[in-house]
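**Q** Residues per chain, in single letters:
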Amino acid sequence: MKRWALFLPFAIFVLLGFLLWRALYLDPKDVPSALVDKAFPEFNLPTLVDKKPRNVSDIKGQVHLVNVWGTWCISCRVEHPFLVKLAQNGVRIVGVNYKDDNDAALKWLDDLGNPYVFSVDDEDGILSMDLGVTGAPETFIVDAKGIIRHKHQGPITAGNWEPLEKIWLKLNAQAGTLDKTGE
Amino acid sequence: MLRPLLFAISIFLTFQVQAIVNGHEYPFNDGTDAENYTRAQLFRELAEELRCPKCQNQNLSDSNAMIASDLRRELYKQVKAGKEGQDIIDFMVNRYGEFVLYNPKIKGITLVLWFGPVALFLLALLVFVFVVRSRRKQSKQNIKNDELDEQELQRVQQLLHKTEQEGK
Chain A
1 MKRWALFLPF AIFVLLGFLL WRALYLDPKD VPSALVDKAF PEFNLPTLVD KKPRNVSDIK
61 GQVHLVNVWG TWCISCRVEH PFLVKLAQNG VRIVGVNYKD DNDAALKWLD DLGNPYVFSV
121 DDEDGILSMD LGVTGAPETF IVDAKGIIRH KHQGPITAGN WEPLEKIWLK LNAQAGTLDK
181 TGE
Chain U
1 MLRPLLFAIS IFLTFQVQAI VNGHEYPFND GTDAENYTRA QLFRELAEEL RCPKCQNQNL
61 SDSNAMIASD LRRELYKQVK AGKEGQDIID FMVNRYGEFV LYNPKIKGIT LVLWFGPVAL
121 FLLALLVFVF VVRSRRKQSK QNIKNDELDE QELQRVQQLL HKTEQEGK
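Heads up: the sequence lines are chains A and U, in that order.
With our numbering as the guide, the letters of the first sequence map in order to residues 1 to 183.
With our numbering as the guide, the letters of the second sequence map in order to residues 1 to 168.
These are calculated hints, taken from the structure and not from any lab test.
Derived SDA-like pairs (lysine to any residue); straight-line CA-CA distance at most 20 Å:
1. A:Lys2 - U:Val129
2. U:Lys54 - A:Ala34
3. A:Lys151 - A:Trp161
4. A:Lys38 - U:Ile89
5. A:Lys170 - A:Gly90
What you are looking at is a predicted structure, and each value in this text was computed from that prediction instead of being measured.
With the rest of the complex left out, here is chain U (with noise of 0.2 Å):
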């Protein structure tokens, strides 16, 4: 019972270990289990994080240019060789700029980008508010308007009276 169940995890390991990307294969094996593991995933991730410096909108992992297929060579290179995410990501900034990030850091410049959408989604509320209030205001006033000052109640009767003495 045991055997087989071993034998299972150990083939589903085995495919773990190994990240496919781009129709190639990126062996993981140089640490434990786990840390290949890891280290196969992060592959994965950061070849999806990454843009292709080349390309207008691709990832590493998607692109076939030269520079996508050189950078997921370096990419394999330094997971391979235990290096943290951040520091692949700092490696990738320093020399492409934020443009390779689809994930970019928050700061001065990507300010505009990162709470853009939130602003203006807060302005349209607003003016949503606003308009929806100014439009109650002006239907209560509306409402207002037509009740009869004293005024208008004797010059209705007036008319009343005067249409009544007409008919006889």
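One chain only, chain A, in its complex shape (with noise of 0.2 Å):
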């Protein structure tokens, strides 16, 4: 046998233990959606505060950020401050009220501000399940045209933002030059 190949263990060893190493921080929550890239799920929902009826085309024209949440979920709670804030600096955010009580919603809402240009009320899931939502909170970055850019689970904080602005910089940035060539 030649001499390399009695260092074939080794470097099996070596490549094994490299991958075992990377895969522990991974997170193995971390699901590839299977919406992006694909357009936003067509809807029809009354919004939370006025009832009015909205649908899909509402969320066209303009980047926006699709937040799915509910009274009952505890990190809502987390980034709640923190989309106020967003939507103070101009971040045009619509949520989507999932599975929740309308009075605590809204009592939510009054308590704690409403980022949101809207919310729909998705009393029975159906939007939530077109979007393929495990949990809240989940958002997503929807660009001009109405169709999902980008998906993250779990709360927007300080910490996490970054990458999140970068998208939503550059969508607005090509939705800048779609109105250009659109005028």
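Dock chain one against chain two, each of which comes alone in its own frame, and use the hints as you go.
**A** Put into structure tokens, the structure is as follows:
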């Protein structure tokens, strides 16, 4: 047997060790979304506050964050102040109130502030199912054409906003050029 | 004679058109008996085969997560309405991705998953054959080396001769 062949088991060991070491730092909950780069699903739902029916055309034309939330969801309370701050800085956020009690949801918006352009009342979770939501909070970045460009699972915080902001800025820049050519 | 038999069969059938999954009863009674039976069967199969998207390793029938019970209800609704198994699987994959399939389709990114073990086994077999062959070759060579060539024979005879003479 050739001499180098003796090092083969060692090489395999190193390779396996590297793979397993890498896997230690991967998040198994970080499942790729099936909806990225697909059109935002059709919906027809009343808003939470004024009960006005809204559909998918209401989120087209501008870049939106679509945030799935519920008063029963503890992480939503964690991210809420940051969403309020984002809204104050001009980020358009649309809420999907996921299987929630309307009174509790309205009280939540009164008490903690309302960062949403509007929140639709997804009482039966139909829109959330079409969005492939597995739990709140989840946030989608939807471009001006109504295509989902990114999905974020879990609360948005000051700590993890930066990469999302990049996507948001990029999409806004693209939408800006779209507006110019459209004129 | 016939009556109790029919009675037993009807009881058997009523049990069959109701799938019990995760402690909940899911009755199927919209179609004919045969349809109900296959639907209940399909429901049970899909609840086993579809994975709860929120959980790491539980299927829809095992999980108590909210999303799992929602999806069980959706699954029940669709099966009851007579939808095909493949359509329901597509519905789930379109929303939750390939992750929900315990039996993923064979395509680009799942090739490693499907054929990786076979490839590794073949590789191991190849290494095994290689090692066995080279060992065999080596031992054959050793046996060959055991035979003395002419020079060695002469030397052995010399040595033997020498000791013989010294012994005298």
